[in-house]
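Participant: So you can see what is in the structure, the chains are spelled out below.
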Amino acid sequence: MNSVMRGIVSLAIFMLGVSEMAGAHQPVMDMAPRWEHGWGFQVRNEYRFSGELLGGTDQAPNPFDRERMVNTTWIESVFTFKREIRLTSKVPLIQQSRVVVQGGAPVNQSGRGIGDTVLGLQLKHYYNKAGSTGNFSITPSLRLPTGSTKDSFPVGDGSWDAGISASFSAEAPFVYQFYDVFYWRNSKGKRGIDQGNEVGFDMNIGIHPYHDNLTNTGIFVMADLSARYEGRGRDTVGPTGGKRISLGPVLVGYWNNIMVRAELKFPVYQDVFGIQLSHGTDFNIGIGLTF
Amino acid sequence: MRGTLFFALTFFAASVAFPVQTHPDGKTHRHSDSEKSRASLEAEGVDVFVEPHHTVIQVNGVVCSFCAYGAEKSLSKLDGLDRSEFGNGVLVDIHTQRITLAMTPGTEIPIEDIHRRIRKAGYDPVAVYLRIAGTLESVGGNLLLKDAQSGQLFSIVGSDRSRAVGQSVDVQARVVDDAFASVNDGAPIPVVVDKWISDSVDNDE
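If you're matching them up, the sequences are chains S and F in order. The numbering of the first sequence is the working numbering, which starts it at 1 and goes up by one. The numbering of the second sequence is the working numbering, which starts it at 1 and goes up by one.
Derived by calculation from the structure, the hints in this document are not laboratory data. Among the hints, erroneous ones may be present.
[Stated by the list, open to error] No more than 20 Å apart at the CA atoms, straight line, and that leaves these computed lysine to any residue pairs for SDA-like:
| hint | chain 1 | residue 1 | chain 2 | residue 2 |
| --- | --- | --- | --- | --- |
| 1 | F | Lys-73 | S | Leu-214 |
| 2 | S | Lys-82 | S | Phe-41 |
| 3 | S | Lys-82 | S | Leu-214 |
| 4 | S | Lys-129 | F | Asp-124 |
| 5 | S | Lys-129 | F | His-95 |
[Claimed, not checked] Which stretches of chain F does chain S cover? Using the computed rule of at least three CB atoms under 8 Å from a CB of chain S, they are:
| hint | segment |
| --- | --- |
| 6 | 56 to 65 |
| 7 | 70 to 82 |
| 8 | 88 to 97 |
| 9 | 122 to 128 |
[Said to hold, decoys possible] Quick partial rundown of chain S residues pointing at chain F, CB under 7 Å, derived from the structure:
| hint | residue |
| --- | --- |
| 10 | Ala-32 |
| 11 | Arg-83 |
| 12 | Asn-128 |
| 13 | Lys-129 |
| 14 | Met-259 |
Glycine included, C-beta positions come from ideal geometry on N, C-alpha and C.
Build out the structure end to end from the sequences listed, making use of the hints.
Facilitator: Written out as structure tokens, the structure is:
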């Protein structure tokens, strides 16, 4: 192993070891299936909990033990018409609860069911070079109001939202990198929910330390950086929006057409509008298959 | 959370500490003749070595291991593969960006179909290397090589071996640039010989 590789490996170990910091988001099947008429699906569970109250960037007193737990299982699918055009869908199955303060007393709220479905049309331009491959992608998206707004902690917001993202990813035998910027225009929903528009940036950079040609088996180890800005808005109980940067490690293993991914996301910087619960730490694990 | 981190770190460290050693072309070579031939090719600046009954395709972009599954899956449906090799007759090597096909002896190599399948899988084939053992023929002033087992015809470009017509030879050749994308059905495949591995003319020299 040359000194460059040793450096990269050391950096990866360091990042795994000091994950006091935290994670990001990720299009798991960024370049697969890239074959004509290929399709795939992925089941991904995302767990997020926070019991920390923030006022701006500072921790605020939390005498009523306000907290929030969101457990989302994403059912994601992709169909590749040809390598330049793909259709994706993401359906969230949500189970969530929170403690809010109403009338000067803590109140438990919960919600469960199908959330708002996201459809995307990915327009890709791939390049193939000796020793690397990659793609540029533009993805217009639509978020449909398929989630109910009836629960005390609603799983949907009742609005039609439009988004667009631009991404670039590149892969060499030992290195993977991915960059994505996106914008969501959130329109006014039901029950007074009116979330602000959102701008985001995601970055994944990692190494591919192990691959076996005969079994097409291997792993990736990556660092994930996410940045978000959400305009001032509100949900059924209070203000929403703010800025957030998250950082964390990602581990991906694959075997032929099966991929497993696990990641942790820790907020390293948050600045919220008004008084809000921290975004909290995310734990994300999923399995995907392509055909 | 600490348990998860510990697991991730252990898994990562183990993979770095105990990597699977794969030969650059992804295969294990057991025959000393092969080793001699490889050494001979390397000495002549040819960095691809093709085993008998194998076809090697250099493919730009085939470094994305999870997505390379599509290329492997499509190629594994080719007729004439020797599926006793590599599990399905196809080996994708992401380190060299080469795909090796193990062909059953006596089977014609479907050059155009190979090209089409790799393109549809999302990659760009740039060269095809073959190992051909057969007899040299001269037809209409063109030097042809007829595979001894399949009868497939190859047109040898840029060689003055016409004095070896009628002789049996074993060569490593590459399909002429871009010709593999548009080979007419039944027409001889134009190839450039990179190495005359065994032929009596060489031996005489």
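Participant: Now, for every hint given, state plainly whether the structure supports it.
Facilitator: To see whether the hints hold, each was checked on the structure:
no.: 1; hint: Lys-73/F / Leu-214/S; result: holds, 13 Å
no.: 2; hint: Lys-82/S / Phe-41/S; result: holds, 17 Å
no.: 3; hint: Lys-82/S / Leu-214/S; result: violated, 27 Å
no.: 4; hint: Lys-129/S / Asp-124/F; result: holds, 8 Å
no.: 5; hint: Lys-129/S / His-95/F; result: holds, 13 Å
no.: 6; hint: 56 to 65; result: holds (count 7)
no.: 7; hint: 70 to 82; result: holds (count 5)
no.: 8; hint: 88 to 97; result: holds (count 6)
no.: 9; hint: 122 to 128; result: holds (count 4)
no.: 10; hint: Ala-32; result: holds, 4 Å
no.: 11; hint: Arg-83; result: holds, 5 Å
no.: 12; hint: Asn-128; result: holds, 3 Å
no.: 13; hint: Lys-129; result: holds, 6 Å
no.: 14; hint: Met-259; result: holds, 6 Å
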